[in-house]
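Combine the two chains into a complex, taking the hints into account.
Here the protein sequences line up with chains A and B, keeping their order. Oh and the first sequence: position 344 is 344 in UniProt numbering, straight run, nothing missing. Oh and the second sequence: position 368 is 368 in UniProt numbering, straight run, nothing missing.
It is worth saying that the hints were derived from the structure and are not from the lab. Some hints could be false.
[Unchecked claim] For lysine-lysine, the following DSS-like pairs were computed, each having C-alpha atoms within a straight-line distance of at most 30 Å:
#1 B:371 <-> B:355
#2 B:155 <-> A:360
#3 A:360 <-> B:146
#4 A:94 <-> B:146
#5 B:355 <-> A:94
#6 B:279 <-> A:381
Take a look at the letters that make up each chain.
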Amino acid sequence: MSELTNLTIAAARAGLDKKEFSAKELAEAHVSAIEAANDALNAYVLVTPDRALEMAAESDKRLAKGEGGALEGIPLGIKDLFCTEGVVTTACSKILEGFTPHYESTVTRNLWDAGAVMLGKLNNDEFAMGSSNETSAFGPVANPWRREGSDDKLVPGGSSGGSSAAVAANLCMGATGTDTGGSIRQPAALTGTVGLKPTYGRCSRWGIVAFASSLDQAGPFARTVEDTALLLNVMASHDPRDTTSVDAPVPDFTASLKDGVKGLTVGIPKEYRIDGLKPEIAKLWDQGVEWLKAAGATVKEVTLPHTKYALPSYYIVAPAEASSNLARYDGVRYGLRVDGDDVISMYENTREAGFGAEVKRRILIGTYVLSAGYYDAYYLKAQKVRTLIKRDFDQAFEDCDVILTPTTPGPAFAQGEISGDPLEMYLNDIFTVTVNMAGLPGISVPAGLSGEGTPLGLQLIGKPFDEATLLRAAQSIEDAAGPLKRPENWWTKAA
Amino acid sequence: MQETVEKNDLLIAGETGDWEVIIGMEVHAQVTSNAKLFSGASTGFGAAPNSHVSLVDAAMPGMLPVINSECVAQAVRTGLGLKAQINLTSIFDRKNYFYPDLPQGYQISQYQQPIVGEGEVIVDLLDGTRVVVGIERLHLEQDAGKSLHDQHPKKSFVDLNRSGVALMEIVSKPDIRSSEQAKAYVSKLRTILRYLGTCDGNMEEGSLRADVNVSVRRPGDPLGTRAEIKNVNSIRFIGQAIEYEARRQIELLEEGGEVVQETRLFDAKTGETRSMRSKEEAHDYRYFPDPDLLPLELTQDWVDSLKSDLCELPDEKRERFIRDFGLSPYDASVLVAEKERADYFEAVADGRDGKLAVNWVNNELFGRLNKEGLGITDSPVSADQLGKLIDLIADDTISGKIAKDVFDILWTEGGDPAEIVETRGMKQVTDTGAIEAAVDEVIAANPDKVEQAKEKPQMIGWFVGQVMKATQGKASPQAVNALLKDKLGVEE
Numbered sequence: 001m002s003e004l005t006n007l008t009i010a011a012a013r014a015g016l017d018k019k020e021f022s023a024k025e026l027a028e029a030h031v032s033a034i035e036a037a038n039d040a041l042n043a044y045v046l047v048t049p050d051r052a053l054e055m056a057a058e059s060d061k062r063l064a065k066g067e068g069g070a071l072e073g074i075p076l077g078i079k080d081l082f083c084t085e086g087v088v089t090t091a092c093s094k095i096l097e098g099f100t101p102h103y104e105s106t107v108t109r110n111l112w113d114a115g116a117v118m119l120g121k122l123n124n125d126e127f128a129m130g131s132s133n134e135t136s137a138f139g140p141v142a143n144p145w146r147r148e149g150s151d152d153k154l155v156p157g158g159s160s161g162g163s164s165a166a167v168a169a170n171l172c173m174g175a176t177g178t179d180t181g182g183s184i185r186q187p188a189a190l191t192g193t194v195g196l197k198p199t200y201g202r203c204s205r206w207g208i209v210a211f212a213s214s215l216d217q218a219g220p221f222a223r224t225v226e227d228t229a230l231l232l233n234v235m236a237s238h239d240p241r242d243t244t245s246v247d248a249p250v251p252d253f254t255a256s257l258k259d260g261v262k263g264l265t266v267g268i269p270k271e272y273r274i275d276g277l278k279p280e281i282a283k284l285w286d287q288g289v290e291w292l293k294a295a296g297a298t299v300k301e302v303t304l305p306h307t308k309y310a311l312p313s314y315y316i317v318a319p320a321e322a323s324s325n326l327a328r329y330d331g332v333r334y335g336l337r338v339d340g341d342d343v344i345s346m347y348e349n350t351r352e353a354g355f356g357a358e359v360k361r362r363i364l365i366g367t368y369v370l371s372a373g374y375y376d377a378y379y380l381k382a383q384k385v386r387t388l389i390k391r392d393f394d395q396a397f398e399d400c401d402v403i404l405t406p407t408t409p410g411p412a413f414a415q416g417e418i419s420g421d422p423l424e425m426y427l428n429d430i431f432t433v434t435v436n437m438a439g440l441p442g443i444s445v446p447a448g449l450s451g452e453g454t455p456l457g458l459q460l461i462g463k464p465f466d467e468a469t470l471l472r473a474a475q476s477i478e479d480a481a482g483p484l485k486r487p488e489n490w491w492t493k494a495a
Numbered sequence: 001m002q003e004t005v006e007k008n009d010l011l012i013a014g015e016t017g018d019w020e021v022i023i024g025m026e027v028h029a030q031v032t033s034n035a036k037l038f039s040g041a042s043t044g045f046g047a048a049p050n051s052h053v054s055l056v057d058a059a060m061p062g063m064l065p066v067i068n069s070e071c072v073a074q075a076v077r078t079g080l081g082l083k084a085q086i087n088l089t090s091i092f093d094r095k096n097y098f099y100p101d102l103p104q105g106y107q108i109s110q111y112q113q114p115i116v117g118e119g120e121v122i123v124d125l126l127d128g129t130r131v132v133v134g135i136e137r138l139h140l141e142q143d144a145g146k147s148l149h150d151q152h153p154k155k156s157f158v159d160l161n162r163s164g165v166a167l168m169e170i171v172s173k174p175d176i177r178s179s180e181q182a183k184a185y186v187s188k189l190r191t192i193l194r195y196l197g198t199c200d201g202n203m204e205e206g207s208l209r210a211d212v213n214v215s216v217r218r219p220g221d222p223l224g225t226r227a228e229i230k231n232v233n234s235i236r237f238i239g240q241a242i243e244y245e246a247r248r249q250i251e252l253l254e255e256g257g258e259v260v261q262e263t264r265l266f267d268a269k270t271g272e273t274r275s276m277r278s279k280e281e282a283h284d285y286r287y288f289p290d291p292d293l294l295p296l297e298l299t300q301d302w303v304d305s306l307k308s309d310l311c312e313l314p315d316e317k318r319e320r321f322i323r324d325f326g327l328s329p330y331d332a333s334v335l336v337a338e339k340e341r342a343d344y345f346e347a348v349a350d351g352r353d354g355k356l357a358v359n360w361v362n363n364e365l366f367g368r369l370n371k372e373g374l375g376i377t378d379s380p381v382s383a384d385q386l387g388k389l390i391d392l393i394a395d396d397t398i399s400g401k402i403a404k405d406v407f408d409i410l411w412t413e414g415g416d417p418a419e420i421v422e423t424r425g426m427k428q429v430t431d432t433g434a435i436e437a438a439v440d441e442v443i444a445a446n447p448d449k450v451e452q453a454k455e456k457p458q459m460i461g462w463f464v465g466q467v468m469k470a471t472q473g474k475a476s477p478q479a480v481n482a483l484l485k486d487k488l489g490v491e492e
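For reference, chain B alone in the conformation it holds in the complex (with noise of 0.2 Å):
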């Protein structure tokens, strides 16, 4: 991709020079399925707290867990999503903690051998340019209850509805320099994953968290030692977190103090990373291979046949809208970064010219839809709505500028374009002779004027302004112009 950046080497200023600053990131996306990674249960969000919860989930004695192929499988597409190795066989391990909210005293993670290995993330800033973010793995998990600190004044309670969920952790390799960066991986990576319905990428209802991890070093210095900030539940957060961090570790080294490797918590209300656990303080997991779980095998054709099923990709999409419908980059970048976008403007822009079907979807609808705080799947004007209007533009029916009249009626009242512009009158007059008229009239009424537009050719717009105002707007400006011209004897 020729306009990928080839080298990610983005500088942030100190006091004594220049810093990089590099992030890492592991984001736990909670798998779309219907049922827990190990359990039959439901993962059905905002249930009253323990209706979600198995004889496997609560950890009952004796009780075992068997491996959900559902999960599986969207474990596999993301992998593949990500364009990565998946692994055929890979194992779940045990890692041990004791928590509350973490009923059988361990959780069933994978280790050493994960189901997806490396991959990538193409992605897309904000001026256009795009880096490559490594994917250093995928495995699957068990999510935690949760515990609950504000119910009773001496006692927590534990809600163990999400307890067995599963998630994906995506750990990225330390390739993002920026918050930017770090803000449009997460978006992908979020877009992704959307594509493919492997996680619904709801971050306020927790379905994607990031741990984020943060260092800072002088240009080509070997890496400095990370902090590493625990579940950011925002995008604007996780700008908020870096940005915050790396200015603290870079005061912390130009005032000769030294970082130490610990687990750090974002504060959203001060914008502030606090220190959570020192790495003397970190748990020792003993992981070990689950004795309760043989290894997971798959096979390459059932891996083929999930592969074939694979929507198409955000990244496919974009290079397909750019060469068969003439975008911009950065148009196809905005329209793909949400598939229902994408979907709407496939359906408005086929059979139809794609610049002007982009420019309406992205100008016109998308600042509608902005400015009313409303997402495409609420668009009252319907891609077909919008499609047909964009008809009656391109044959000359109506103006663009009368267009955005219709717009604003289907916007606001509904209907058939067609007929909305039949039934007000809104029709283009491309009659020559009532064009002409209303030329001439012009014309004969403003001789000084027109005695200016053989010095300043430009003066021509003033004149179609008048016929356009004399016509209400509906005459075609096309042929408003050339009779002008004609007319006036400009030639430009």
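Excised from the complex, chain A in its bound form (with noise of 0.2 Å):
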């Protein structure tokens, strides 16, 4: 069955289609994978093996008429800010315990009607507040990765850390996650695999847990640049329901990503070289340029130079909004309620036991961005630093088609390594939080190996709606970098 498992979503479609397996085969060889890998890696916070099997064979039925869709049959991982019709939705959050919506969030709407098989719901950082999957209330997730020579259990990244170790340890063919500052390109760049962060509108923001509103977007984590394109092309959609999705055409993203990028300029922001840049990283870097510029791109190095004010003015941004946003979980209507001797203390004893340390710090940083007196000096400076940045970005996209840069300043860390330092887990977006600023595309593909044998990843920026691009230059890169080693499965608990 690992043979299944193994497989690209493309290979595994065209299989299905040649009937060389079901999709009953396929469902069965990844919840049999996860059954035997989740006490070690814990990616998956809830499998839902039934409804898999049902999907599955369904997907048959419409595969024997012929009629299967896009992702017909196709297993994938659903992170747990998603909801999902009839099945539990936390957002890894204790305030959200049990708490199972009656409705389909747009993505994953999306994902089912193209055929798509659900596997179970992936674990996250709380509220997708996180670089780490630490801050998850289910615990953290195991990068399937670890140093050479050693057992230490490295994190995956974070917040979408169970979707990238699921897809590194091939418990699923595919994962959605969710990216307010990084949380799919670290990860991704973390575990090896391939993580993109749409234009903002691109997917719809129906029915996804919100951290901030106006920085989150929903995308997709697989094995490959062009599974990643495949995943995109269902996830991607205009929705009446959500105001600020684009009314703009999904093209298949698949149709260039062989054209390569003879033509292309890649853009090198220069401001990217920050101090105390790890030479592995730099390195790593230099070697990008060098892939590109074989395979007959132009580089050009590009001027960035509000770079340096995105990082803090996301962190004043992304906790304003979130604290607003989670004030709807207040014990009244659904979820976790502690009762106390009036409404107040009601309040209280929730909030306090349902959110977690990190969720209740950015809640707190929220609002005091907020507060009278304060929101001027704070909270509207932030959003003039965002306009500049997106200005910055319009600017240099004048003079190059695609940006290239690190996706994190080093790999993988150790579990519980920096997680008592927020300002050293904050860091780990510094390359991956303008693009959210600026509402652009991402992606990190994987590009290498660090000093200590993990993965690392080079991030490609993309104009707005440009994700045809994004995605040839990430397929330039991934057939440049090769076929790259993968993780030794360490996790696989004997049957």
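See below:
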């Protein structure tokens, strides 16, 4: 069965059409893989084998009639931030303990409509707040990758750490993630997977538990650029129920993958060469430049002068929106309620018990920066910075088609290694937050290994709604990097 | 408008001199629409608790607001009706606070950039004068749900039917100077909203409610510290609350005290206001633009098309009634205060004498309706019937006096006025011969009175009465008058 879980989506979809195996067999292979691995990895917070097999059976019927959809029979994992009808959805927070939505998020609805099969709900940082998946109420996720010669558990990145780990460990063929400041791209980089954050407005936010509304965007994880494009084809849609979703045509993102980068201009932003940039990261970045040059791209230095203000501004805007978005978790209508003597103490008890430390920290920061007397100095100023960051990119894209940067400042770190230092944790987002602040599409592609033998990723940033060019450049890096090493399987328990 | 008061400087006397009362109002008007401001749930009144609640209204995780364009159109229509600036770009903000009947933990409202800017309302006062009250702004916002504290000994219940219903908050400038003006302002505003069909103005159902800001000052002084009286839900209570609050503040200041800025509640049972929370206890609402909603952009073309479809507004109608029907400003104001009344009047006055029509509508009809506690739409006498009745007066078929009897028959029994007059023999006698006979008879029977009348021409009235009595009121009073003058040789 391991051969089946090792397939790409493209290969599996072709195999299903050719009747080489059934959707049921594909689902079963994944369900058994999850059963054997989840104790060690904790990637899934809820496995839905019955639903998976039921959906697979339906897929087989449609395949038999030649009516298979674009993702017919493809087993996927869903980040627990996506509301799934009849399946508990908690955003990995105690405050949503046992919450079962009566509705399906638009993105997952699109996937099911295309024939995809749900394996279960994937772990993430609580309310997507974190960069290591250590803030989850369900405990941390282990990265399938370990340092050479070490059994230490590494983090899979975050907040979509369950998604990245599950895709890397072949516990699903692809997964959904959400990216508010790097929550898809950073975990992808740390697990050797491909992760794409689409342009803000490309995918509907309807039915996704909100963290920071103006930054949140759903996107896919997969093991190849092509698979990522296949997933995005289906996830993207205009949704009248989300007024920030954009009514733009969704092209077939796989169509131009093989066009190469000849004729493209790749921008290299000098401000990303930060003080203290690790040599191996700098080397990887240079390698990426060489690959793209060799493939025929023109490489050009560009400037994004306001980059250094992006992270501090992000940590004002995102918590501000979060402090308001999370006000609805008050114990009144659903989720956790801890009673008190009056309504105020009920609120206090519920939110004290329901939210973890990082979520509380961000609610406090957000409440502070929106308070009377501080709003102008913090929130308003951060929004102005945001405008400047957008302008930086607009100007840079006058001279180039895509921008190449490292995805993260370093490789995966060990569980507990920096979780006590929020500021150091926030620095993980240094190369990714600008993209969210500007609403642009970004992708992380596996590009090599660190000195510790763990994966590293390169990030490509594209023009608004030009995911096609982004994926094309990503394909070029994937091709140049060649087949990368896969993590050694230490997590499967003996049957 | 020549009868508008130029300077609105009403004063009230205190123990130590005169005071000026300064009033500003924030009226919350429920938008007439089928669905809520940001969800498709019904806005119907009186449904079972929590039966008009969508996933958005209940603030389920991941739910997003989508603006209801009809609510936006209604706000723009209202802005146009208030002769106000329409802002083509406006922004929805979140007003953050915790309350069990506020599911999102914030109310979506408009803070710094409302959809409607400055405008004005011309307020008609009881003495016939008019004052202009400036409108500061109008913005759209969501209503909250309702907390029910009397359903269980230890628990409170929440009904979310109202949660998310669209409200227009209409903020006046502090241009109001008395409780009477405040009441008249709300009445006029309600009239305008009802004309426009943008709010039903039903205060009992809570479709219209007011927050009243009251302060007092010595004439010529800068504005005093104000108290805000929250959620007053009838026009009478608005008046009472202002009277009480102004007196309270004046007494406080005259005793050497200070007014504190605070929110107060009006208690309808005692007619008093009492402190609810002080400025220090006021919420910090942490307003910020709602990131789920893009700025609301309107086109001038769309606004213009709404404007061209707007109905005639009360002030315009009033002017037209004065101009076209020769009505007094007072009569015109009474008619236009309610659109249905104005429509009724127009139907009656169509092709007839306007003054005669207004007398019958404003005096006879409204008098009778008021007496019986009926509204114009409940009137047993239709405009068509009343118009035909007036025709019979105009062509001298019946006298005004007889007409009142016919009106009474129409009210109680219905029917066609001409037919009633015909079959019941109520026709005015215009046959000069018959009238002359009656006149001669009266003159012959009262020689002494005839002598008196030569000295005292007013005596003629007595003769008219006698003739009318003799003819059972059916004689044409004009004809009787003319004959008597001639025969008695009286010159008036």
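Status of the hints after comparison with the structure:
no.	hint	in the structure
1	B:371 <-> B:355	holds, 23 Å
2	B:155 <-> A:360	holds, 28 Å
3	A:360 <-> B:146	holds, 29 Å
4	A:94 <-> B:146	holds, 28 Å
5	B:355 <-> A:94	violated, 75 Å
6	B:279 <-> A:381	holds, 28 Å
Hint violations for this structure: number 5 only, all remaining hints satisfied.
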